[in-house]
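Residue numbers (this note's numbering), protein chains in the order written: chain X, 41 to 321; chain L, 688 to 958; chain H, 2 to 287.
Treat the hints with care, as some may be off.
What the hints assert, rightly or not - Listing some non-contacts, in silico: residues in chain L with all C-beta distances to chain X over 10 Å:
{"id": "1", "residue": "ALA726"}
{"id": "2", "residue": "SER730"}
{"id": "3", "residue": "TYR732"}
{"id": "4", "residue": "PHE752"}
{"id": "5", "residue": "LEU798"}
{"id": "6", "residue": "MET851"}
{"id": "7", "residue": "VAL866"}
{"id": "8", "residue": "ASN870"}
{"id": "9", "residue": "LEU950"}
Said to hold, decoys possible - Taking beta-carbon pairs under 7 Å as the criterion, some of the chain X residues facing chain L (in silico):
{"id": "10", "residue": "PRO135"}
{"id": "11", "residue": "TRP195"}
{"id": "12", "residue": "MET197"}
{"id": "13", "residue": "GLY199"}
Hints listed in this document are in silico derivations from the structure and should not be mistaken for laboratory results.
All residues carry an ideal CB built from backbone N, CA and C; glycine is no exception.
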Amino acid sequence: MKMTETYPQDKARTAPEAGAAVVNAEVLLQLQELQKNYGHVQILAGVDFEICRGEFVCVVGPSGSGKTTLLKCMAGLLEPSGGQTVFEGQQVTEPPAKLAVVFQDYSRSLLPWMTVWQNVELPMKNKFAKAERPARIESVLEAVGLGGKGSLYPWQMSGGMQQRAAIARGLAYQPDVLLMDEPFAAVDAQTRIELEDLVLRVRQEFDMTVVFVTHDIDEAVYLADRVVVLSGAPTTVSRNIAVDLPQPRNQRDTKLLPEYARLRAEVFELIQSAKSHATIR
Amino acid sequence: MSTPGTTRRSTERGAGTRLFLLRAWLPAGLLAAWWLASAASTSLYFPPLQTILETLRQDWLGPGFAEHLLPSIGKFLAGFLIASLAGIGLGLIIGMYPALRAAAEPIIQFLRSLPPPVLLPLGLLLFGIGPSMNIAIIVFGAVWPTLLNTIDGVRSLDPQLTEMTRSYRLTRAQKIRYVILPNAGPQIFAGLRTTLQMSIILIVVSEMVASTNGIGYYVLNSQQTFAVPQTWAGTLVLGLLGYLANLIFIRLERYVLRWQAGLLATTGSGA
Amino acid sequence: MTTTQFRELPAPTRPRAPRRSAGRTSFAAGSLGKGVLGAGTVLAVLAAWEVLARAGAFPPGSIPPASAVLAEFVRQLGVPLFWAAVWNTVSVALLGLLLIAVIAAPLALLIGLVRPVQESTWFLMEFLKPIPPVALIPLGLLLWGPSPGMKLFLIVMGAIWPLLTQLIYGIKEINGVGADMARSYRLGWWLTTSRLVFPSVLPFALTGLRISASIAIVIAVVTEMIGGAAGLGQNIVVAQSAGALAEMYALVIAAGLLGLLINAAFRAVQKPLLFWHPSVRQEGNL
């Protein structure tokens, strides 16, 4: 494992050479010419990229570019019409055991008849012995800021807290990679900022590879080691952009950096051109 | 903190008393009116309420309790439980497989449209007179609402929950136990409530035509022998039984679906 | 309207909340394939019945072959007495429903709008609702004998509750956002009643009426079977005691079809009237 090359434990580290590091890193997830059609409509027209162990990759694209479809193909929830996803050297045909998904709509993916604790515990039942679970649940709840809140039901909590619970469920499952599908689309702006920093923190703490799908350009640049920009439908990868912003990130300082503004503009222009391209078609 | 608390509680208690009085005056008044109006009655058909209540005490709190009431309750419970379990079990299976659902639909629709009492002659032919016939009639007559609602409830599972269970690789048993059944719970209970009401109807009717004991038998028999106070008393007991069964059921439903009450209270609506 | 989802309704017919799964209805094979599968099952059941009956799998003298029953059913369709019996059952049930509607509507308005009335009648309603309607049959027989009047009385007593409770729910439902809207736009009495009150209550009324109708039929049939009032139920009992098994089963099937027809009628009325309501827009088949 060459984890240290792509993903430093050292929080004080600055400016990772993302482009160079990726070359040496262990490839965890590969999308190879991934295609998906619904009837005659082509959604994905051969999407190709790789994700290395320890990376934080944001996938952005204009609305309607099949981001969720792409994520579902990666997660083994949808069968692609062509091409394949390879996870840890194996073709993905069903959801892999070392992969977890945090869904967009927390209110629909948490079970309202179970407490937060039970929700987090449910997927662990097949993976961890009964005795191991409590300590682990306690620690992930602590990590997402829900320490001591395990006995609440999801509907007794705010939207932000519910999404924290959904993240905790993903973390507790101890996957090698966490797929997040526009996880903050439904929360307010303040909460969103908190949750972004939360994700960055737990990614460090739990040594996680993250694929984060979003339509928000600021969010993508702020969070990612690398941004994968998609074209409009039918979708392909229009560019891979390495994000050389210093770690740890900070909502105020990072967003004031000229480099941040430059990256943001670059992604913005790509998406704008993808959009106008899509409308012409 | 304590002073406003206590005053609030005492005003609440005052409001509670008022509510109780508001709710109690009409039933109490009606009972009193019945009592007074029938007190001097010499009509064969409308005996004094006092006579009816005395008959009720004699027949139903004495030997009648073991002879007529217990068997009825036993058969009713057996039939209702079998119908419930069969409805939920079959509904689960049918609901999970669209092809099975399409195949079973016309048959189920027909059977649930059948007014259940017309099954009585059939039950007589197949089972003769006795408890097994009474129970069978309840099962075949009352299973449908639960079956249909379970199918519906199973189908109503949010696709995102299905994806969640797949991506976290829950086993089929776990999916049923932790996701499908609780999700269908509210609808299953709505079906069970109808099954319950149907079961009560059917135990009474089936005892009327195919039993030598039980409350249905008692009431019809008393009517046929013109034992008028007995008929009234039996009718009252039936009413009380129906009321109690419903009360117990609602308690159970509230307990099992307590998560839902909280959910509704916080979101404000059924969404 | 989604608040109705978890109300205490007898369930198969309650207004349904919209299903979130939009793409789910077109799941299996499409409606044609579904129809074929369904028809196939019906035929298979009939065939199995025929074979089992002919092979002597049922207790002797209990179930005649399907072909005999179906032939008898077709024969019954040509018999005036059969139609007279059906009419006896249906007409009283319909009359009962009409009476129920006439009684329930003003009662529901009173209970739904006037708080003290609601509280005063609360216990009485809660007590009377769960009483099995058949419990009153012996009493009805005692007081009136096996007459249409007795049937009518029992139907009204037993089948009024679903409509009444539904109407009360529906009327209470209006006292929300809709009422505020009407007041803030100064819609006036007529517009408020015709555009707000009536459409809001309609789904509840139809649901209640549908449940009341099926209960009314049940009560009608039971009183005919046990009390000996004329009608389909009585014919069934007579056929059974005369040992005319094929006829008895044919009549049972007729009763089932009658129930199906009533359901279908309500569905047909509901669709154009409630095209905007989630329960219709998302109508699944089961």
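Hint-by-hint comparison with the structure:
1. At the 10 Å boundary, the C-beta of ALA726/L stays outside the reach of chain X, the nearest C-beta of that chain being 54 Å off.
2. With 10 Å as the threshold on Cβ separation, the claim that SER730/L sits away from chain X holds: the shortest Cβ distance comes to roughly 56 Å.
3. The claim that TYR732/L lies off the interface holds: its Cβ sits roughly 53 Å from the closest Cβ of chain X, which is beyond the 10 Å cut-off.
4. Residue placement check: PHE752/L keeps its beta carbon more than 10 Å from all beta carbons of chain X (closest about 40 Å).
5. The Cβ of LEU798/L lies farther than 10 Å from every Cβ of chain X, with a closest approach of about 31 Å, so its non-interface assignment holds.
6. Here MET851/L does not stay apart from chain X, with its beta-carbon only about 5 Å from theirs, under the 10 Å limit.
7. With 10 Å as the threshold on Cβ separation, the claim that VAL866/L sits away from chain X is violated: the shortest Cβ distance comes to roughly 7 Å.
8. A beta-carbon of chain X is positioned within 10 Å of the beta-carbon of ASN870/L; the least distance is around 8 Å.
9. Not every Cβ of chain X is farther than 10 Å from the Cβ of LEU950/L; the closest lies at roughly 5 Å, contradicting the non-interface assignment.
10. The beta carbon of PRO135/X comes within 4 Å of a beta carbon in chain L, closer than 7 Å, and the hint placing it at the interface holds.
11. Interface hint status for TRP195/X: upheld, as the beta-carbon distance to the closest one in chain L is roughly 5 Å, under 7 Å.
12. Given hint, MET197/X at the interface with chain L, is violated; its Cβ is 9 Å from that chain's nearest Cβ, farther than 7 Å.
13. Interface hint status for GLY199/X: violated, as the beta-carbon distance to the closest one in chain L is roughly 12 Å, over 7 Å.
Violation of the numbered hints given earlier is confined to hints 6, 7, 8, 9, 12 and 13; the remaining hints are satisfied by the structure.
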